[in-house]
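Protein chains: 2
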Amino acid sequence: MPDVHYRFSPAFQAPTGSAIRELFKYLSLPGMISFAGGYPPPEFFDREGLRLAAERAFAEAPLDCLQYGATEGLPVLREQLAGLMLRRGASVCADDIVVTTGSQQGLDLLIRVLLEPGQSVLVERPTYPAALQALRMAGAQVLSAATDAEGLDTDALAAQLAALPRGQVRLLYCVPTFANPTGACLPLARRLQVLALAARHDLLIIEDDPYGALRFSGAEVPSLLALSREVEGSVGRVMHLASLSKVLAPGLRVGWMVAPAAVRQRCLIAKQTVDLCTSPWAQRIAAHYLASGALQQALPVLAAGYREKCQRMLAGLEPLESLLSVSPPAGGMFIWARCRAGIDAQTLFNAAVAENLVFVPGAPFHPDQPDPSSLRLSFAAPSLEQIDRGVERLRRAFERCGIVPN
Amino acid sequence: MPDVHYRFSPAFQAPTGSAIRELFKYLSLPGMISFAGGYPPPEFFDREGLRLAAERAFAEAPLDCLQYGATEGLPVLREQLAGLMLRRGASVCADDIVVTTGSQQGLDLLIRVLLEPGQSVLVERPTYPAALQALRMAGAQVLSAATDAEGLDTDALAAQLAALPRGQVRLLYCVPTFANPTGACLPLARRLQVLALAARHDLLIIEDDPYGALRFSGAEVPSLLALSREVEGSVGRVMHLASLSKVLAPGLRVGWMVAPAAVRQRCLIAKQTVDLCTSPWAQRIAAHYLASGALQQALPVLAAGYREKCQRMLAGLEPLESLLSVSPPAGGMFIWARCRAGIDAQTLFNAAVAENLVFVPGAPFHPDQPDPSSLRLSFAAPSLEQIDRGVERLRRAFERCGIVPN
Numbered sequence: 001m002p003d004v005h006y007r008f009s010p011a012f013q014a015p016t017g018s019a020i021r022e023l024f025k026y027l028s029l030p031g032m033i034s035f036a037g038g039y040p041p042p043e044f045f046d047r048e049g050l051r052l053a054a055e056r057a058f059a060e061a062p063l064d065c066l067q068y069g070a071t072e073g074l075p076v077l078r079e080q081l082a083g084l085m086l087r088r089g090a091s092v093c094a095d096d097i098v099v100t101t102g103s104q105q106g107l108d109l110l111i112r113v114l115l116e117p118g119q120s121v122l123v124e125r126p127t128y129p130a131a132l133q134a135l136r137m138a139g140a141q142v143l144s145a146a147t148d149a150e151g152l153d154t155d156a157l158a159a160q161l162a163a164l165p166r167g168q169v170r171l172l173y174c175v176p177t178f179a180n181p182t183g184a185c186l187p188l189a190r191r192l193q194v195l196a197l198a199a200r201h202d203l204l205i206i207e208d209d210p211y212g213a214l215r216f217s218g219a220e221v222p223s224l225l226a227l228s229r230e231v232e233g234s235v236g237r238v239m240h241l242a243s244l245s246k247v248l249a250p251g252l253r254v255g256w257m258v259a260p261a262a263v264r265q266r267c268l269i270a271k272q273t274v275d276l277c278t279s280p281w282a283q284r285i286a287a288h289y290l291a292s293g294a295l296q297q298a299l300p301v302l303a304a305g306y307r308e309k310c311q312r313m314l315a316g317l318e319p320l321e322s323l324l325s326v327s328p329p330a331g332g333m334f335i336w337a338r339c340r341a342g343i344d345a346q347t348l349f350n351a352a353v354a355e356n357l358v359f360v361p362g363a364p365f366h367p368d369q370p371d372p373s374s375l376r377l378s379f380a381a382p383s384l385e386q387i388d389r390g391v392e393r394l395r396r397a398f399e400r401c402g403i404v405p406n
Numbered sequence: 001m002p003d004v005h006y007r008f009s010p011a012f013q014a015p016t017g018s019a020i021r022e023l024f025k026y027l028s029l030p031g032m033i034s035f036a037g038g039y040p041p042p043e044f045f046d047r048e049g050l051r052l053a054a055e056r057a058f059a060e061a062p063l064d065c066l067q068y069g070a071t072e073g074l075p076v077l078r079e080q081l082a083g084l085m086l087r088r089g090a091s092v093c094a095d096d097i098v099v100t101t102g103s104q105q106g107l108d109l110l111i112r113v114l115l116e117p118g119q120s121v122l123v124e125r126p127t128y129p130a131a132l133q134a135l136r137m138a139g140a141q142v143l144s145a146a147t148d149a150e151g152l153d154t155d156a157l158a159a160q161l162a163a164l165p166r167g168q169v170r171l172l173y174c175v176p177t178f179a180n181p182t183g184a185c186l187p188l189a190r191r192l193q194v195l196a197l198a199a200r201h202d203l204l205i206i207e208d209d210p211y212g213a214l215r216f217s218g219a220e221v222p223s224l225l226a227l228s229r230e231v232e233g234s235v236g237r238v239m240h241l242a243s244l245s246k247v248l249a250p251g252l253r254v255g256w257m258v259a260p261a262a263v264r265q266r267c268l269i270a271k272q273t274v275d276l277c278t279s280p281w282a283q284r285i286a287a288h289y290l291a292s293g294a295l296q297q298a299l300p301v302l303a304a305g306y307r308e309k310c311q312r313m314l315a316g317l318e319p320l321e322s323l324l325s326v327s328p329p330a331g332g333m334f335i336w337a338r339c340r341a342g343i344d345a346q347t348l349f350n351a352a353v354a355e356n357l358v359f360v361p362g363a364p365f366h367p368d369q370p371d372p373s374s375l376r377l378s379f380a381a382p383s384l385e386q387i388d389r390g391v392e393r394l395r396r397a398f399e400r401c402g403i404v405p406n
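Protein chains in written order, with the numbering used here: chain A, 1 to 406; chain B, 1 to 406.
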């Protein structure tokens, strides 16, 4: 073994990886059912549509698939994504869009460009752990904003911002539509309030929106980006991140960012040093698929599929309601739950693993003030039959902890 | 327009993008011939082989193409890359390898993990501009090491390191094999000396090796990674970056890193926040292609093709030798040249653009002490016929500057 004493940058001296990725080791165990990751299920992939899109993209422009592409993304894809944003209510043109290697890269680029180490960033409590990890590795001071069943508690946020010295917080990261992990969808009035707060307190907002297209009940609520045109002083304050991972295929690693020119241009300079460009081959496959209109046809089917899975899980959990309080979502991939029974989610998790079930205990989602009773259950990846069996295993896990439903 | 005053992180307050990417605007002008980018030419892509690999990869495992993959990369690809490294003389197993989104991402991950802002990093003078850009954006203090026609001047490096306080420089970034921009290949004795210096001065080395497989004359020289087993105290000091971009297709965005476990594990944690994983679809296409043995068959053909192009350009430049001194490379994509005629490369560039030719003036390759007479000519992308016409245009560009060959 080498006798080298490695010295690492401050963030990497004793780094802890993703707690969710740590769960992966359980997934390969035989018979394990997973309520853990927010993965599209195999049966929801449009395999034939994507196979065709890939075949056509390559047949049409093999050299454009194989060569380097512009850092901002291929025009054919950016046009399609602008159309998609328009259908989602945001008036955006191709030039406003940067294609990213998954929306995770969009967040990384924004952090590089906007964040100074030591600076304060507000996030929802609880929030997406990889955002938390990215912010902390960049040296951010993470402050948490309270949420309730509808997402950000905007009155509390107003009070919190008013109490902080002006300029201390410059950035708010949030997942307003079908949040990870809570599934909450921020109501219109609160969205307008968030934008007004941004204008009043000179905040920029990173709106992370991977799940927004997966609504299965209730009425559409426009994105913060779309609404910023309606709230004075908030135009230019929303950086919007989106992705094809949850609606088409994570394996493409195609996401996008909508941001004001000054921010976008800097993100492009950062992207030159990060990966030069997102795979033009993957971009062309995505562009062909979108141009075929298949996504617009698939979305209602996908949403209906997730509705069915969500309802099946909620129905299964009903007999456990004395043990577990749940927040029924109107879209997305997650049900957020709390153990009522006085046991913590990690204890329940250990018992669940013994029953061949995994979920994600809530602690890693909390930037601070962790709620040890909380857990995230995803209905996305398991089949209906696995959902039934998994819920039964969850019941037995409670039993193992000495707890039975009333 | 929004009335938002954006505040950016220090590196992005007045960022300058890639000077090479700035040349792109000329490339779309009608009739322009480019000696600028290090792009594989259209005719060198194995279109049919890649089409087949893509078809088979998807047919065999569509779900693995479409779903998220492990952050370290797919085992099927890592096995193939380990075999490729073995053929290149480095005894490496699949577990030593992290798949990256192009080798550019490998550099970015290493910088995050290894570099503290303000720390000193040594690079060759001249060097790859995107490495320079990445290091500077990360807040590195970039120190330059002198090179000659054979690459790093290791005696000068020894003296430079001896004169610096021990521990001030922890990192050396270099492209020892067919360097960008000089095309130089560091001889064996110098490689051993670099490794000995690394051991003596407690340096880590980032060995960037995108071009190493494109040798078209002379004998193979092992990589620093391979040689580190032979130099006491240097094992574990070399982080090796490589890529399929120059030998197969940039559009895949598939590169890889070989690094010691402590570094690799931290790079994986960084990669979780950067893009989660490199496109599993692209990885499977690459794995299928490599498993078919097609790359091993293609490499000698590719090398012969680049040799022909390089010789054609050198032959064309011969009548200009009183104006331009050139360094003939033994592989890679670049010829480094210096104007003898007392004019600077930027003046020559402006004249060349008027003649419908672009190349890259040497200034952006220099971390300091820019040599205004230097320029980089790439023979990779233009056809033989374009090389002939481009060289003629270069002659006319000199004429425009009032200079004719003796």
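Just so you know, these hints were derived from the structure itself, not from any lab. Do not take every clue at face value.
A pair holds if it fits inside one copy or across any two, identical chains being indistinguishable in the list.
[Stated by the list, open to error] With a Cα cut of at most 20 Å, we get these calculated SDA-like pairs of lysine to any residue:
no., residue 1, residue 2
1, K25, Y68
2, K25, P364
3, K25, D153
4, K25, A196
5, K25, R307
6, K25, V76
7, K25, V235
8, K25, N356
9, K25, R88
10, K25, E385
Here is how each hint holds up against the structure:
1. K25 / Y68: This pair counts as between: shortest inter-copy Cα distance 15 Å, intra-copy 36 Å.
2. K25 / P364: within (17 Å within a copy, 46 Å between copies)
3. K25 / D153: neither (36 Å within a copy, 48 Å between copies)
4. K25 / A196: neither (44 Å within a copy, 40 Å between copies)
5. K25 / R307: neither (29 Å within a copy, 48 Å between copies)
6. K25 / V76: between (39 Å within a copy, 19 Å between copies)
7. K25 / V235: neither (45 Å within a copy, 31 Å between copies)
8. K25 / N356: Within one copy, since 12 Å is at most 20 Å while 58 Å is not.
9. K25 / R88: Answer is neither: 37 Å inside a copy and 33 Å across each miss the 20 Å cutoff.
10. K25 / E385: neither (23 Å within a copy, 56 Å between copies)
Comparing the model with each numbered hint stated earlier shows that hints 3, 4, 5, 7, 9 and 10 do not hold.
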